[in-house]
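Colleague: Chains as they are written, first to last, in my numbering: chain A, 1 to 617; chain B, 1001 to 1258.
The set of hints was computed from the structure by calculation and includes no laboratory data.
Only a predicted model underlies this, so the values are computations on that prediction, with no experimental measurement involved.
Incorrect hints may have been included.
Stated by the list, open to error - Keeping only pairs whose Cα atoms sit at most 25 Å apart, straight-line, the calculated DSS-like set for lysine-lysine is:
1) K611/A / K505/A
2) K397/A / K1075/B
3) K327/A / K364/A
4) K409/A / K237/A
5) K567/A / K1166/B
6) K123/A / K182/A
7) K1113/B / K492/A
8) K393/A / K327/A
9) K493/A / K1166/B
10) K390/A / K425/A
11) K230/A / K159/A
12) K113/A / K30/A
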Amino acid sequence: MKNGPIILAIFGICAFSTFAQQAHFTVSTKPVVAVGETFALTYTLDAQGVNFREPRITGFEVLSGPNTSTSSSIRSINGRTSISITYTYTYLLQALKEGSFEITPASVVVDGKSYQSDPALIKVVAGAGTTSQPQGRPGQQGQQVPEEGRSGGDDVFLKAFASDDNPFQGEGITVTYKIFTKVRLGNLSISKNPSFQGFWSQNLLKEGDQGAQYNQTINGEAYTVAELRKMVLYPLKSGKLTINPMEMECIAQVKRQSRPGTGDPFFDDFFNNSFFSQSYATVEKTLKSNPLSIDVKPLPLEGRPADFSGSVGSFTFRSELDKTTVKANEPVTLKFIVAGTGNIQLIDRLDVSFPPDFETYDPKVVSDFNTTTSGISGMQSFEYLIIPRKPGKFSIKPVPFTYFDLGRKTYITLLSPEYTLNVEKGTGATTGMTYSGVGKEEIQYIGSDIRHIETRPFLLYRGSMWFLGTVSYFLWMGVPLVLFFIVAILFKKQAARRRDTLLMKNRRATRVARKRLRKAEHFLKQGDKDPFYEEISQALWGYMGDKFGISNAELSLDSVREALQEKNLDTGITGSFIAALQETEFTRFAPGDKILRMEEVYTNAMELIAKTERSLK
Amino acid sequence: MRTSDRWLYFVVVFLSLTLRAPAAGIADPKAALHQANKAYNDGLYNDAVGMYKSIVDAGFQAPELFYNLGNCYYKVNDFSHAILWFERARRLDPGNEDIEFNLRVANSRIADKIEAIPELFYVKWFQALVRLYPVNGWAYQTILFFILTLLAASCYLLGNRIFLRKTGFWAGILFLSLTFCTLIFSVSANRQARGLHEAIVFDPTVTVKSSPDEKSIDLFVLHEGTKVHVLDKIGTWNEIRIANGSIGWLPDSSMEEI
């Protein structure tokens, strides 16, 4: 038990006598107790001892202990000063069942020598007796002492004080346990500690420290007041929180005010006068403090940042990066320091995000605090060791630290600066690996989210954007179809018309040719050679064009040959027709005697047309 | 011929107008869209939801619009609405990878995990084909191939050369079959998107009943964001089927149709 050494040396002239030189290690307890009774088992050592070996306690429930307390006294007798120290180890036991129990000896080492106590023999009887049986002898005073103990309730009491019973969640309050007494007290031990459920507590009195002691007058009575415990409490949740009372056991020297009546008024009167009433009784007392009720206000929800983690008080926040340019694989330290007053020790982590390629370790957390009556002030630092593994330029995002400022009643977020870390290529072999195929790394997925919205412009459809089955869909289908039919019909009509003209020309071909030949005959008789050849040529070409549907532009020796061959005419006719055409053209434009063969050309042309006509039928 | 040219011109202009009926309505939908995108980029997701919603309410449609709206709902952790709008977007653009991805992410955030019955392989292939193009893709292609068929037919019918006529004949047959294929795809894509009755559960927890009656036996429990197929409707009750094939009845009030 940590709170054991609560020392009240000033009250405690120890009830047990002390001896010099030789150390004594004794045990004392009540020889007879009732079932359910709470009593003390005390080991006393009149020297400075170490290594207290606990006894084996069977048949009793250990409520608390061993609580160690020390008292020292300085005595001066005839100019000789001696200092005596008393160590007591106290157990608070509760008898569970009837019977005789032996508690094995405890031992302690003083100056290298081991001392052993006697075993303690305790008889437990079935008891009507409640708690706090008087320690005194059974006998005539037996009934009075508890009465005095109760009447002495005003003489000694324990009280708890809270500096603020309506704090914010996370706001520190100071709770002090004070003992008020008018009598001398000794052997103080805490039997039940107050429970600080829902709080984070920090002792303000250091181990071995003594609380303040002073005199105070309450209702005209002078009390000596001592602070037993003083702690700062930080509520961890909001709502009504109760601190259960603290209970203590002590031995009080209570003034005996009444004596058992002897029936003799004189005698009674005599002993009840002031002089004789100076006698004291040693009473074991249980002290109980008042419970404290703390109504914790919740922190305002309004304006609470998402990263708020419960820090309340007033803080400063700074950070240090030891270097901004490093080689790969060289460690860098990044330090964040939170300093100020408040529940600073509850800051257990900061939201630091490093670039994923960094090797990072858990931060080294260093705390430095002073606990004062105004709470805890000091600093907490987080030192991150980071090792960049890849060269490049990396940025460490600003780290937020959010707290609730009690003075301003608002949330305040402090940001560390953004650091840019320039990592150069290291000399180590590992960085070289990056560039070879072997050292390639898998992509590390750090988070997952939906994809971003479509930000490129897109078509907005008014109403339904469905195309199938709409009017325009059917128009797109129907209009080309109608166009197709229109075009097809127009084409067909034109083709038919053209076929008609060709047929007519075909029928008229022979007639036209004959007409031309007759004209040629007329020129032949006159001996007019140039018009003659022209008529012959026109008769032959025109016949071909009309007969085979070849337009004037396309009319040539080749197209004529093609047309003749297509009709599968006798090759002889084809050949002679071509030859005739060639000859006519030649004779027409060549100089020389044209008259000689006019007769022959004429008959040849006549014959050719007749032959072709015959074979075409 | 000159009068028919003019008529043709008129028809083409008319068609182009009906096909892309330009959006006219709320002051300037383009600007509204831009504003909504900006709000989203700035992280004002609640505002962005309102802006996109007003564009949708004004009667505009686009897969991208629904997709963006779904994203906003996702960002404000309203997963059932996000799924609803992603599903609506997917109906308009079934093959879009972004929509598919976000829908999957949103579905991973809801309570119900239902094992879907695997589809037969040929159904899967057919679906994959149907989803190859955005909603009107197949319909546009039908038109394209139909017009090509007509051109080929004209070549065949009106061509005066043997080669032209042969080419026209075979191309005509090819284009005609393509026309029919794309018509089938477009009709089935259309039916999938419009004919399918699907809904998203919107109550945080809802009990599926065995018959359209509040007093009937409870079959199973669904949570918000789950997609159901609506098979039948009696009064305010819907017969629904979930992805694993279970069938039950749900009231109108606890779901919203996609």
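Colleague: It remains to establish, for every hint, whether it holds in the given structure.
Modeller: Hints versus structure:
{"no.": "1", "hint": "K611/A / K505/A", "verdict": "19 Å, holds"}
{"no.": "2", "hint": "K397/A / K1075/B", "verdict": "23 Å, holds"}
{"no.": "3", "hint": "K327/A / K364/A", "verdict": "23 Å, holds"}
{"no.": "4", "hint": "K409/A / K237/A", "verdict": "18 Å, holds"}
{"no.": "5", "hint": "K567/A / K1166/B", "verdict": "23 Å, holds"}
{"no.": "6", "hint": "K123/A / K182/A", "verdict": "34 Å, violated"}
{"no.": "7", "hint": "K1113/B / K492/A", "verdict": "67 Å, violated"}
{"no.": "8", "hint": "K393/A / K327/A", "verdict": "11 Å, holds"}
{"no.": "9", "hint": "K493/A / K1166/B", "verdict": "22 Å, holds"}
{"no.": "10", "hint": "K390/A / K425/A", "verdict": "8 Å, holds"}
{"no.": "11", "hint": "K230/A / K159/A", "verdict": "12 Å, holds"}
{"no.": "12", "hint": "K113/A / K30/A", "verdict": "28 Å, violated"}
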